[in-house]
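Build the complex: two chains, separate frames, hints provided.
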Amino acid sequence: DTGVSQDPRHKITKRGQNVTFRCDPISEHNRLYWYRQTLGQGPEFLTYFQNEAQLEKSRLLSDRFSAERPKGSFSTLEIQRTEQGDSAMYLCASSLVRPDTQYFGPGTRLTVL
Amino acid sequence: AQSVTQLDSQVPVFEEAPVELRCNYSSSVSVYLFWYVQYPNQGLQLLLKYLSGSTLVKGINGFEAEFNKSQTSFHLRKPSVHISDTAEYFCAKFTGNQFYFGTGTSLTVIP
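Protein chains in written order, with the working numbering: chain W, 38 to 150; chain C, 26 to 136.
Chain C on its own, in the form it takes in the complex (with noise of 0.2 Å):
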């Protein structure tokens, strides 16, 4: 079955710390995956994407991803987190014609 995993549903940290969200997919011939943040009443936008080529990939708002074929992960990063950066977190897959998205990380930045 496809699913997407992130292991941790609560995460918090310090202003200025850094921050990893992880993510684990199921493997499929070809795969697609994205980061997803949700502010406090907002829609879902995207932070990055990894469709093909380089490994590590930068999206919005400082963060960063990288993309591990051998150990099926797509963690996500930050080297210094803002209290701004407080949202939902979501890890999704393409493969098919579908989206398969992770349960979400909710990060919550103290000052």
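So here's chain W without its partners, still in its complex pose (with noise of 0.2 Å):
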């Protein structure tokens, strides 16, 4: 058990730029969830997967926001034309069986500058 990682730890993009990241979960587990964490905040629920579908997207995440888990494994999570309240920390968790324990990532921290 690797836990879950995340890559990149910290991004700086400029405003309008689009940034790409990626979490692999635990390897036998089948459920991913982003969330997003800014500060002095509680984690916030942005998307879920079981396997490769999406079944449940957040009304926060904008059209800017896209999530993919294609073969089930890892899953990537894209913002495209970032802006500068977009800046936060994105962390990955993933799970075994509901509502199991989430493992969380340690984060991608994003600023936009």
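Treat the hints as calculated values from the structure; they're not laboratory data.
Just so you know, nobody snuck in bad clues.
Pairs of lysine to any residue residues, derived as SDA-like cross-links and limited to a Cα-Cα distance of at most 25 Å, are as follows:
no., chain 1, residue 1, chain 2, residue 2
1, C, Lys74, W, Ser95
2, C, Lys83, C, Ser55
3, C, Lys74, W, Ser64
4, W, Lys94, C, Ser28
5, W, Lys94, C, Thr30
6, W, Lys48, C, Glu113
7, W, Lys48, C, Gln63
8, W, Lys94, C, Leu71
9, C, Lys74, W, Gln78
10, C, Lys74, W, Ser132
11, W, Lys94, C, Leu76
12, C, Lys74, W, Tyr140
13, C, Lys83, W, Gly40
14, W, Lys94, C, Tyr57
15, C, Lys94, W, Val134
16, C, Lys74, W, Asn67
17, W, Lys94, C, Ser55
18, C, Lys74, W, Pro143
19, W, Lys48, C, Gly68
20, C, Lys74, W, Gly77
21, C, Lys83, C, Ser105
22, W, Lys94, C, Gln70
Note that the coordinates shown come from a computational prediction; the quantities given were computed from them, not determined experimentally.
Next comes the structure, spelled out in structure tokens:
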């Protein structure tokens, strides 16, 4: 069990650019979640996959955000035309059984200048 | 609306004193409750969870929490804190296919 990994750990970009983050869950986990966390707040749910199917999306997830999990293993989160308000920590978590424990990755910190 | 409320944003406590971090949640037909801890510059780590059964749940590092359905609360307690317990603590609720997190309580243990 190598844990949940995320890449990159830090990303600085200019407003209007596109960014993509990757999450590798624990290998046998079929459920994968993306969250956003801003300073002084708890993680905010963005989206959820069961295997390759995206089953839930937050209403807060604008059209500029898209997530994929093509083969039910790793997942990517893309933000198009980034805005300063997108600056946050993006967290990925995986779990085996609903509603079992989620294991969180270290996060990707995005800074939009 | 689904919500988790952590009433105390900051809790300072002296070393070896007891502590309680409060959490209230919006009621649901089925609810599963969690406490996570986030140490400085580290990821979220599970402290304990309530899925069903006994309402008193014991977790790691001497923490425990009590599920109270009538008061819709899930307060976290530790009888004697250590310096190493200084961290951010998040209460979370799972319902539907989503987790809902509180805004966190920053626990500072004073030597």
